[in-house]
Structure formats: C-alpha cells, structure tokens
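Q: Those sequence lines, one after another, are chains A and B. Sequential numbering of the first sequence, starting at 18, is according to my numbering. Sequential numbering of the second sequence, starting at 407, is according to my numbering.
Worth flagging that the hints you see were computed from the coordinates, not collected in a lab. Some clues are possibly wrong.
Keeping only pairs whose Cα atoms sit at most 25 angstroms apart, straight-line, the calculated PhoX-like set for lysine-lysine is [to be verified]:
id, chain 1, residue 1, chain 2, residue 2
1, A, 122, B, 728
2, A, 154, A, 70
3, A, 62, B, 685
4, B, 619, A, 66
5, B, 645, A, 84
6, B, 728, A, 84
7, B, 685, A, 116
8, B, 685, B, 728
9, A, 83, A, 66
10, A, 84, A, 154
11, A, 154, A, 116
12, A, 57, A, 122
13, A, 62, A, 116
14, B, 619, A, 67
15, A, 83, A, 67
16, B, 619, A, 70
17, B, 619, A, 62
18, A, 123, B, 619
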Amino acid sequence: MKRILFGLLMAALFAPASTVQAQEFQVVVNAGSSFSEISKGDLSKIFQKKARKLPSGEGAKPVDQKKDAAVREAFSEAVHGRSAGQIESYWQQQIFSGKDVPPEKKDSDAAVIDFVRSHPGAIGYVSAGASLGDGVKAVAVSD
Amino acid sequence: MRHKTTFVAAAMLLGGLIMGVPAGAQQLFMHGYATQAYGQTSDYAQVGLGTGGTGDLRAAAVQARLAFFSTGTQIVVQGAHRRVGGSPLATVIDDVELDWAFAEQRVGDFSARVGRVPIPKGLMNEMRDVGTLLPFYQASKAFYTDGIEAVDGVTVRFTHSLGAFDVEAQGFQGKIPIVISLSDQDGVQAIDVDGNGTYGGQFTVALPMSGVKVLGGLLDSDVGVQTAQGPATLNWKFKWVGAEYTTDAYYARAEHSWSMVPTFQRSRSYYVQAGTRVKGGLWLNVQREHSFTRVLAPPAVGFEYNPIGDWALGFSYAFSPKLVLKGEHHWSSGYALDQLVNVAGPAVDNRYFLLSFSTAF
Numbered sequence: 018m019k020r021i022l023f024g025l026l027m028a029a030l031f032a033p034a035s036t037v038q039a040q041e042f043q044v045v046v047n048a049g050s051s052f053s054e055i056s057k058g059d060l061s062k063i064f065q066k067k068a069r070k071l072p073s074g075e076g077a078k079p080v081d082q083k084k085d086a087a088v089r090e091a092f093s094e095a096v097h098g099r100s101a102g103q104i105e106s107y108w109q110q111q112i113f114s115g116k117d118v119p120p121e122k123k124d125s126d127a128a129v130i131d132f133v134r135s136h137p138g139a140i141g142y143v144s145a146g147a148s149l150g151d152g153v154k155a156v157a158v159s160d
Numbered sequence: 407m408r409h410k411t412t413f414v415a416a417a418m419l420l421g422g423l424i425m426g427v428p429a430g431a432q433q434l435f436m437h438g439y440a441t442q443a444y445g446q447t448s449d450y451a452q453v454g455l456g457t458g459g460t461g462d463l464r465a466a467a468v469q470a471r472l473a474f475f476s477t478g479t480q481i482v483v484q485g486a487h488r489r490v491g492g493s494p495l496a497t498v499i500d501d502v503e504l505d506w507a508f509a510e511q512r513v514g515d516f517s518a519r520v521g522r523v524p525i526p527k528g529l530m531n532e533m534r535d536v537g538t539l540l541p542f543y544q545a546s547k548a549f550y551t552d553g554i555e556a557v558d559g560v561t562v563r564f565t566h567s568l569g570a571f572d573v574e575a576q577g578f579q580g581k582i583p584i585v586i587s588l589s590d591q592d593g594v595q596a597i598d599v600d601g602n603g604t605y606g607g608q609f610t611v612a613l614p615m616s617g618v619k620v621l622g623g624l625l626d627s628d629v630g631v632q633t634a635q636g637p638a639t640l641n642w643k644f645k646w647v648g649a650e651y652t653t654d655a656y657y658a659r660a661e662h663s664w665s666m667v668p669t670f671q672r673s674r675s676y677y678v679q680a681g682t683r684v685k686g687g688l689w690l691n692v693q694r695e696h697s698f699t700r701v702l703a704p705p706a707v708g709f710e711y712n713p714i715g716d717w718a719l720g721f722s723y724a725f726s727p728k729l730v731l732k733g734e735h736h737w738s739s740g741y742a743l744d745q746l747v748n749v750a751g752p753a754v755d756n757r758y759f760l761l762s763f764s765t766a767f
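Chain A extracted, bound-state conformation:
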C-alpha cells in the first residue's frame, strides 16, 4: 500500500506541468483559420499585442476573459508565466505610456466563443469543458 501511495505521489509530482495546465483551458480560433497548433511564446505575444499575426498569417484579434475568471488566471500562469494581476499592470503601463490598449474582454466562455465565431482571425481561450459548437475550433498549445 505504501508503495502504491509513493508511486502515486511521485507520479503527481513529476507529471508534466503542461498536461495539468492543458486541462484547465482550451485555446480557440475561428474555424476558418488554417493552423492547428500554436506555441506558448507566440500565444503570449499575441495576447500582449507584441505580435499582430496568427501563425497562419491572418491579422490576430485576441479576445480575453473578464479579470476575475478562473480560466484567466490559469491561462495567464501557463502562457505568460505571470499572474493575471501582473498582466493587468502590464496593460496599465501600455495604456498610460500611450502605446496600446488591452484586448477586448468577454464575460463568459460563451461570449468568447461567439466573438471568435463571428470574427475571422479571432483567438481566445475558454474553460476546458466548454462546448465550442460550429464555426470555432480548438488548437493545440505547444511549449
């Protein structure tokens, strides 16, 4: 019994972080987009508006979740490597240095999915269990 518990503990400790994080959110794009995978680095740059194109070459339209959404904290930690609060501060710096404004925010997974469905080039993220429906597809996130 002790061996089983030890094995379970080791498995939990050494499980790849990306597997755990991947279960917490899914990245979604308009079904018309021609790519199926995006790196964390590119995703981070798109959501910080440091990059303005998707891997397919389309102009990127990132859409964010509201600030207190649990999925936003998970996305922020996994993709930016920073807390959602730090990303809020980053956007304050961008706004008040006159450089840019943050991506549009939506109040729910359904609102993000609706936005992505109706905007070619849109990219967002929703809870892992969210139902996507037609016109929207999930893309894999690589390290």
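For this one, chain A is given, so just place chain B on it according to the hints.
A: Chain B in isolation, oriented as in the chain A frame:
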C-alpha cells in the same frame, strides 16, 4: 506650461472624428488614473510639503483613444490635473493641462506619431504620475526631472522580436517644455522654457529571462533662456541607461543619467529601488537616489555639490492592480528644497513622509 485652448481644440477634434466615422469602423477607449496624497516634512519645505502638512498633492488624468481598425490609425488625447502643494512648480502648472494629443499611424512593426507626444526617457517617464504603477508617490526626482515629458513634434517607434529578445527603438524630434529651478535672494522659482530643435531616442531590449529589461537613450536640445545680457541658447545633452527585473514576488530597478550644458553645468544622477511582496498585495519598498553637479560657469567654475541625496522606505498595499495605498518615509540630505539654502554650506538634512491612495480605470 501647457495651454487650455489646445486641450479644448484637441477634445473638439476627437469629438468630431467620433461623430464623423460610421459606427463599427472605430472604437473609443476611455482610461484614467488618480492619486491623492498627504504629507509633512520635519524641518524644511520640500517636494511641495511643509512642516504643517498638506493634502494639496494630487495627480489625475483622463485619456481618450479613438482607434480606426481598418487603417491602423489612432487618435489619443490625455488631459491632466496636478497639484504640487507649496512647490515652486505650482507657478508653472495649470489646474487642467493637455498632456498629449497625437495621431498615430501603424504599419507592421513601425508606428509614427505626430502632435504632442510622450517622450520615451527611461523606464517610467510616460507613467511618472500613475500611482498604481509606482512603488512610491513619485518617480525618482533625481532621474525624472520636471518637464521633459512630451514633445511637440514627431516620434517614430519600431518593435520587433529577434528570437527570444524583444527590441524596441524609438526616436523623437521637436520642441519640448523644460522646467528649470532658479534660486535668488527672493527664494526658489520654477520657470518653464522651450527646448527647441530637440532630438533623441531610446533603445530597449526585453531579455529572454521573463521580466528583465535594459535600455539606453540620449537627448539633445537647444534651450532658450533669458540672461542679464539678453536671450541666449544653451545646448543641453542628456544620456541615460537603465535596467529592471520584475516578478510576482520582487523587483529591482536602477537608472543612471548624465547631463551636460557646456559653460553652465555638468551633472549625473541615479536611483536604485527594490521591493518584495510580503504577503498578498502588501509590498515593502526601498529606494536610494542621488545627484551630483559640477558648476562650469563663472564665478563658481569647478564648484561641486550633491543637490539630491535621499533614502526612502515604504509599503504599498494593492487591494487590486487598480487600487493601491502607499506609505513612505524619506531621509533627505542635499540642497534641492522648496526654500532657499546655501549650497556652499553643509548639506541640509530633512525628513518627510507621504501617504497616498491611487486608482486607475
């Protein structure tokens, strides 16, 4: 220093543009910040404070940004309200001023701005009054001198990712307002002058290590001044370097500048600040700032002194990233006071505290 009429004209221009463009083709974004402070000094008037204490310290701004999606054009107008207590700066600051009013055009990694545009100078110049982003009430007085915040002219910006490095190059050209402090038998006065033919730039690199940024820049300006012999122009050269490392748990930031006005004075200044998150939104912050000046004008050629020497210890508590309470205590030893002191005498010791509350939207 800045004109209300320009502010009104900029607001009308923005309003006209909003009315004239079909809905959906553009979007208006409104943002702003406000900080209110209270403080008191131990012995001498300094940074707007006196021994009696004052709450006449405030910084607020409202920013409107109109973005035209199809063309990559943006119009930005920011108006500000600032109170500086008993500081001599109060004579050159209006209650409501125009911070910025510019049009920006983006093409790929390039952008160009025309109008009254914020100047990139160091890590915090454009955000020097945004209390929610600063660990102390003010950005370092030694490094971020008054004025030199915006240029009436043109700026260009290029951003690009080179592998894991993010680079940003910015250049500017035009006229800048500069505030100079003068001491005479009547006390300390602030006057604003124009820096004509100003040009400069800044190069910033974000390193692959998350949260690490380094930068360097320079500025050259011909400052018009009034002397006993009549109007004169002084050439002013300024260069600076800086670095910061920020994480969720701590930060460290340092900047150093060198300034030279031939036949007048040469100076250098620096600040170092660091902080650690104690628990939740509570941070402990410490800062050292210092400046050195060597006089190059007769009759005091070669005279050296340290205008600013300041240690600060403080806390900040962020209820959220947009709601921050701060407390700080400063131990100052120097000559940069709001009242007349003898710079040939020993450095003047003074202490002051500030409590401030900041918000942003």
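Q: It remains to establish, for every hint, whether it holds in the given structure.
A: Going through the hints against the structure:
1. 122(A) <-> 728(B): 17 angstroms, holds
2. 154(A) <-> 70(A): 18 angstroms, holds
3. 62(A) <-> 685(B): 29 angstroms, violated
4. 619(B) <-> 66(A): 17 angstroms, holds
5. 645(B) <-> 84(A): It is violated: about 39 angstroms lies between the C-alpha atoms, which goes past 25 angstroms.
6. 728(B) <-> 84(A): 12 angstroms, holds
7. 685(B) <-> 116(A): Measuring from Cα to Cα gives roughly 31 angstroms; hence the hint is violated.
8. 685(B) <-> 728(B): With Cα atoms ~18 angstroms apart, residue 685(B) and residue 728(B) stay inside 25 angstroms; holds.
9. 83(A) <-> 66(A): 17 angstroms, holds
10. 84(A) <-> 154(A): Distance ~24 angstroms between residue 84(A) and residue 154(A) Cα, so the pair holds.
11. 154(A) <-> 116(A): Measuring from Cα to Cα gives roughly 31 angstroms; hence the hint is violated.
12. 57(A) <-> 122(A): 20 angstroms, holds
13. 62(A) <-> 116(A): OK: residue 62(A) and residue 116(A) at ~15 angstroms, within 25 angstroms.
14. 619(B) <-> 67(A): 15 angstroms, holds
15. 83(A) <-> 67(A): 21 angstroms, holds
16. 619(B) <-> 70(A): Holds: residue 619(B) and residue 70(A) sit about 24 angstroms apart, inside 25 angstroms.
17. 619(B) <-> 62(A): Since the Cα atoms of residue 619(B) and residue 62(A) sit roughly 16 angstroms apart, the hinted pair holds (cutoff 25 angstroms).
18. 123(A) <-> 619(B): 31 angstroms, violated
Figure legend: structure checked against the earlier numbered hints; hints not met, in rising order: 3, 5, 7, 11, 18.
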